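All chains, full assembly: derive it from the sequences and hints.
Residue numbers (the working numbering), protein chains in the order written: chain V, 1 to 292; chain C, 293 to 969; chain U, 970 to 1305.
In case anyone wonders, no lab produced these hints; they're calculated from the structure.
Please note that the accuracy of each hint is not assured.
[Said to hold, decoys possible] Which chain V residues face chain U? A few, computed with CB under 8 Å, are given here:
#1 V143
#2 V146
#3 L235
Please read these numbers as outputs of a predicted model, since none were measured by experiment.
A virtual CB, placed ideally from N, CA and C, is assigned to each residue, including glycine.
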Amino acid sequence: MSAVSNEPVSALEVAGRPSPNLLRRLPDSKVAMFGLGLVLIWVIPALLAPVLPLKPPDAQDYLAMAHPGSSASHWLGVDPLGRDMLSRIVWGARTVLAVAPVAVLAAYVVGAAMGLLAGYYGGWVDAAISRASDVILSFPVIVLYVILIANIGPSVANIIVAVVAASAPGISRIVRGLVMSLMHQEFVAAAYLRRESDVFVMLVELLPNCRGPLITDFCLRLGYTTITIGTLGFLGLGLPPPNPDWGGMIKQATSMITVFPHMALYPTIALVSLILGFNLLADGLTELSQAD
Amino acid sequence: MSLLEIRDLRVEYTTSRGTVAAVQDFSLDIAPGESFGLVGESGCGKSTLILAIMGYMGRNGAVTKGEILFEGRNLVRAGREELRRIRGARMAIVYQEPATALNPSMTIGQQLIEVPMAHGEATAADARLRAVRVLADVHLPDPDSVMRRYPHQLSGGQKQRVVIAMALLANPALLLLDEPTTGLDVTVEAAVLDLLNELRAKYGTALFYISHNLGVIAQVCERIGVMYAGKLVEEASAEALFALPRHPYTRGLLASLPRPGADKRTAPLVPIPGVVPAAGRAPPTCGFLSRCAHGERGKCDASVVPLLRAAPAHVVRCVRWAELPAMPPAAPPALANAPTDVGATVMEAHDLTRVFSVGRRKLIANDHLTLAAQRGRVLAIVGESGSGKSTFAKVLAGLDAASSGSLVVLGEDVARRPVRRRAAKLVAAVQMVFQQPEGTLNPSHPVGWPLARSLRKFGIARDRRTVDAKVAALLEMVRLPASLRHALPRQLSGGQKQRIAIARAFAGNPELLIADEPVSALDVSVRAAVINLLLRIQQESRTTLVFISHDLGLVRYLADDVVVMYLGQVMEAGPVAALFDPPYHPYTEALLSAAPVPDPTVKTTRIRLEGEIPSPLNVPQGCRFATRCPRKLGRVCDDTPPPLREATADHIIHCHIPIEDLRAVPPVFARAVATAH
Amino acid sequence: MTRYILRRSLEMLATLIVASFLVFVVCEFSPGNVARKTLGAFALQEQVDLLYKKLHLNDPLLVRYVRWVGVLTGLQADPLQDPALGLDFKDPRGKQYFGNFGYSTLFKAPVNDVLWDRLGKTALLAGLAFAVIVPLSLILGVLAGMRAGSVLDRSLSTLSIVMTSIPEFALGVLLVAVFVVALGWLPGTSPMVGNTGWSTASQLVLPVAVLAIYDSGYVARMVRTSMAEVMQKPYVRTAVLKGLPRRQVILRHALRNAMIAPFTVLLLQINWLISGVVVTELVFAYPGFGRMLLEASLFGDVSLIEAATLVALFVATATQLLSDVGYRLLDPQARR
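Next up, the structure:
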């Protein structure tokens, strides 16, 4: 069959459709890049905090308390206890940026497992997982956090537990929906025709194809979780002192807001810019994924 | 004077990767009342053209050159309000997917009435009367109740009639049709095409019909243009185009389609090599050069090729049109000439039934199917949507389990044994090629991965070196370069993906291959290559092929045996030659008559079915086909299941009509059969 | 439809039961115990132990949960009101009636006396916020989604993202800094009493603003996405190419379909509002339900936590049911 064999084929000749790998296309979106920039503003100093020429975040400078505003020795001034604001904000970034991603990642492990099982098996497995998720999701979020943290106590581990409990059901719902639509795809049938096991189909055939929407959701959730951690700090349920924690810093400074507004303002700006960064990143990623 | 006159049109899109000229150098005239057809494959720019005529190109599209004159007005320069007055009133459009073209949260009546009202032509009461009248014109039963319904309460065919009615409401001078029958069943498609011809005669509307399907165009259009890579490459009257195509692409398209009466032994399909270029990716000189068998470097790629006049009303964009050899081009070596001998039975279904529970109701997908396939032969299963052919394929492949009956494959009853309960050897022996090239490969893994995985799971190869060698061999078998194994599916064209799917199915040396509409989602010009490839491998390996299709032309071409299904039951079964001549089952006859033939000289008998296929949730009691049968005898058809009649030993028909009477029916392709002999 | 509502109501009841049990379980982790909290920090250990025994607090969790349900449904008398305990807890409604949430150890009063007054104040706050959120987010979202990618869309979308990126407490601090500290236009706290020199209306402005700004941004984004999606639909193209004026295309064809998805989101905002309320009430010292819940949680007042959670969950699930029913009415395809 000469007619068949002379087909010139090259992968390059075919239309170069955009890569499904969202992260690789990130530079295409200005919004996403701006968001990433905002996040990096905090990630880089947070990583470098131990080697930066910062004052120790807990060291109290009693002399500075008389004039707590900006000065040559304290660029952003000091807090009500005379501690260096700049140092506390940078070390606070370290706390948020360490806790939030770990907590969200943990929530993802639990949520993705739930969603995979529910979407793949359907039937009573799905019913059980979905009903349980519904119960958790009907709690107003902060009520869930407050009740949990107030009872199990504020600590990094417990905040992670609370984030997992509150976020996993939402993640499970997303993954379940994705899996259910993927299950109709013919490559899944093709996998059955190779006698692949359920676990293989779930982890190797289905999960990698959930990537796109999950990356976006991950960024959004980082934003929410940052808000949550800040809010918990503000409610007095954050990390126990002396951990510098933006939410706690804002709470501490509110009583002084009439006199020294900078004490509340700087950590607020820090917090908002980081959340904005995560949200813009998510928005840009959504835009990219819809561009095809 | 022309109704529509397009001069030197160029339509460009700006994307993140630069500007793409979707339509270039395009000129066209359509006279009042004329029907013009434009044929082209995906990405050739035909939909862009239609939307440009309507002035609807989205934020990133624009006409950058040329003009579109409609009734003397230049639409390219028309203002928003001027365009609005023309749209829907003087010029209307019928869309490809009627399901999405209608607003889901408004009733049909609301959506129809607003058309004349928006153009200030009627009061609400007048508009309503007119809407009801047009609904009657498009043969929708009970127009008043249709007016009150929501789109989701209508079937696909009914929705398309509503969209046509909506387009005709204001009595436009020009009707643009964008693949209006794609996605509809063959019998429904035939009825819609008849309707278009009828309405054109009645209203005197000019038609501008675009489609990838030459057969459909041949049935509706007087003049035909062929579009390739954004340019018009040929234009002529329908007769001239089919009788004497001038452009190598037009010739290639016709040669790659099965002609009525032809089969794989007498007239093999000639594929067009290569793939359809993406929009704007073709070279500016001759876009077809890389796929052309007659191309000449230095001549064809020297300068931009203009439209050349080959005959008084026949233009062609090819510098070598006068030097081309006569049609038909030399046929490639045919498949082994001897008809396939009848071998051992590989698969035999007996009373196979699959019933789904939908709430408290029963959906009967397969109802006492009895059929068999022999070693090395191609068994085609033909039917429209709802016939249960895909359900049968799934049960056979082990992706679903039957409710009752037996299905013996290679000596084992597998009716209630899905893949997980089949031995590895049996799973490898029964493989499948799926319909959708988009979904058949996992987008997250390179295309070589499923091949290697199959080889390992079926124990064909274990160590890395053997696997690599076997993967290369499989790619070679489907004529793909070995380097492609590391490519991701999105880098492949649809045809290439289906080749990978074929390679994957053959990885375990199957004895029985199920192919469920493997080419229906592919571009016309690459279908033939995939079909030829599939048949060659099938024949070389003496694999039994169960080929599922709704395309009778294709089935006629490639099958050895055919089973015609309707609503979960076998209507007729027999060797392919016997099926396409009387005696026919009335349903087979209707299917044959409905199939669009890419040749205006072939006249088929006009047998049109009433209504649509009943829901499998609520099947007729006696003969399944009784509700739509044009040859229905009477109550007996409604009440009693039809008897099995034997036309010959291996040709059976389930029908109440005696075989002698069926034998007396005139053949559907009267002239075609005569000319073929 | 009636069947559907009935089925959903039963599901809702099941959710409430499971959730209240979960709260019971979580409260078990709390350090200290109910008896100690009831008696206060200065009570002798023997008194605590005695009360502990009398209240059968060493019974298994499930037994105590069933007892709590018994008190709530009026099948059983509230053990804390037993005069033999000498706690002097009295509920004017009696000690056994339907809807008896028990006695708040934090406020030293029957839960029913504390709860409903607070809830009323919060309903006022949330209602006002909702009245701002709905029109604001619809206008922002529809204007942005109408022409996806336009300058207007980009500016409004960015505005919405910024609005959702400011946590309520931070927003509260910022607004106080501007309107209270710098300008002195509004009061910094909202105790909702008349003797502060500020009218109650002025006391409501900032809390409502905090709630409305944060949630409007979120809902506006949803509306925008939905609107932009609908504007891409073939049926909108059909409407344009029918020759309908743009106004009619948007109002008749796009808007109704675009509202279907955000309608659900909008009603689910009640759930978010309750969350926001906790924080906002704390920032502005507003005497509402949210602050009460926070204080009860920190104190470990199980009866009050249970009651508050049940009310919050009831509101959340009831709006969910309402939104599902509304969805079915809006979308003819879901109507059966």
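Notebook entry, point to check: When the nearest CB of chain U is found for V146 (chain V), is that gap smaller than 8 Å?
Noted result: 5 Å, holds
Note to self: Can you verify the interface hint for L235 (chain V): is its Cβ closer than 8 Å to any Cβ in chain U?
What the structure shows: 6 Å, holds
Next item on the list: So, V143 (chain V) near chain U? Judge it on the closest CB pair being under 8 Å.
Entry: 6 Å, holds
Of the hints listed earlier, there is not a single one the structure fails to meet.
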